[in-house]
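Kindly generate the complete structure, drawing on both the sequences and the hints.
So for the sequence shown, my numbering puts the first residue at 5; every next one is plus one.
These are computed hints drawn from the structure, not numbers from a lab.
Glycine included, every Cβ here is placed at the ideal spot set by N, Cα and C.
There may be inaccurate statements among the hints.
Below, simulated DSSO-like cross-link-like pairs (lysine-lysine); rule was C-alpha separation at most 27 Å, straight line [stated by the list, open to error]: (1) Lys256 to Lys243; (2) Lys256 to Lys47; (3) Lys47 to Lys243.
Simulated restraints, written as ranges between beta carbons of each label pair [said to hold, decoys possible]: (4) Pro272 to Asp172: 23 to 31 Å; (5) Pro130 to Pro168: 45 to 53 Å; (6) Ala36 to Glu261: 20 to 28 Å; (7) Gly22 to Ala275: 28 to 36 Å; (8) Ala165 to Leu96: 22 to 30 Å; (9) Ala166 to Pro34: 40 to 48 Å; (10) Gly251 to Pro130: 47 to 55 Å; (11) Pro168 to Asp95: 23 to 31 Å.
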Amino acid sequence: MAEGFAAALAQAGRETQGLLRERLSGHDLPVARAMEHAVAGGKGLRGFLVLEGARLHGVTRAAALLPAAGIEALHAYSLVHDDLPAMDDDDLRRGRPTVHVAWDEATAILAGDALQTLAFELCADPDVGPHRADLCLSLARAAGIAGMVGGQARDIMAETAAMPLDIDQITVLQQGKTGALIRWSAEAGAVMAGADPRPLGRYAAALGLAFQIADDILDVEGDAAKLGKAVRKDAGAGKATFVSLLGLDAAKSRAAELVDGACDALSPYGAEAATLRDAARFVIARDN
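Okay, here's the thing in structure tokens:
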């Protein structure tokens, strides 16, 4: 991992988690502790993308930190609900017990609900600036039926479908389930500045798909101890993935091509986007 990117990613994680802990510290309820548990750890890639996109467009760090923490809260909500017995039924997340295991299912549902609403509270904060309504609208679309939730619904439907998904169908599924929030994160800084988000959108579209292919590869080759979650679940469930459809070597090649495309999309920003290019390379080189 490039040194500058590693430092920026770690700093983004510290700042976003710090803000989230601060917002939750005044609530003496088990659900607040469950929310803190849910947002702790993780790579913090989405918050990092918000902060980097904002830096490229001259948005202050203080303003950008609000949606950066917001997208981490929303991502954590999606994981809490995804881990529930009615969904993926996972006991481990980020190397620790999942929220419904550490507390109970009702607390996990409420913690996820509250993390989602906290995300919009942070994005709608007046300190975000004059384009906060656009930011909230785009987040609602990215997180809802046209984005993440729609992708998750397609994934659930695929588990009982008569025929496994083909490569085009999996691509559409993952563009919603994983890609929509990554794209929102990358574009947020441009939206805050009232600038054209399309170059960062192209970058994020390639990045998000490469990220999911890398996840599929890690499910086959990864170490559960490093990943902090179970591996080889997709194959055990007979689930169609990029690896099962393309083969391991072709999936790795496709991910590398997507990273090259992501880096090319950053050409309008020149050397200023070096850290984002490193982020794209990290996506397929990571081991967790």
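Status of each hint after checking the structure:
1. Distance restraint check for lysine 256 and lysine 243: the Cα-Cα separation of roughly 18 Å lies within the 27 Å cut-off, and the hinted pair is therefore satisfied.
2. Straight-line distance between C-alpha atoms of lysine 256 and lysine 47 comes to about 21 Å, which keeps the hinted pair within the 27 Å bound.
3. This hinted pair checks out: lysine 47 and lysine 243 have alpha carbons roughly 25 Å apart, not beyond 27 Å.
4. Restraint check, proline 272 to aspartate 172: a C-beta distance of roughly 29 Å satisfies the suggested window 23 to 31 Å.
5. Between proline 130 and proline 168 the CB atoms are about 48 Å apart, so this pair conforms to the stated range of 45 to 53 Å.
6. Taken as a hint, the range 20 to 28 Å is violated for the pair alanine 36 and glutamate 261, whose Cβ atoms sit roughly 44 Å apart.
7. The hinted window of 28 to 36 Å between glycine 22 and alanine 275 holds, with their beta carbons roughly 30 Å apart.
8. Taken as a hint, the range 22 to 30 Å holds for the pair alanine 165 and leucine 96, whose Cβ atoms sit roughly 27 Å apart.
9. Alanine 166 and proline 34 have their C-beta atoms about 43 Å apart, which keeps the hinted 40 to 48 Å range intact.
10. For the pair glycine 251 and proline 130, the beta carbons lie near 51 Å from each other, so the given range of 47 to 55 Å is met.
11. Here the CB-CB span from proline 168 to aspartate 95 is close to 26 Å, well matched to the stated 23 to 31 Å.
Comparing the model with each earlier hint shows a violation of hint 6 alone; every other hint is respected.
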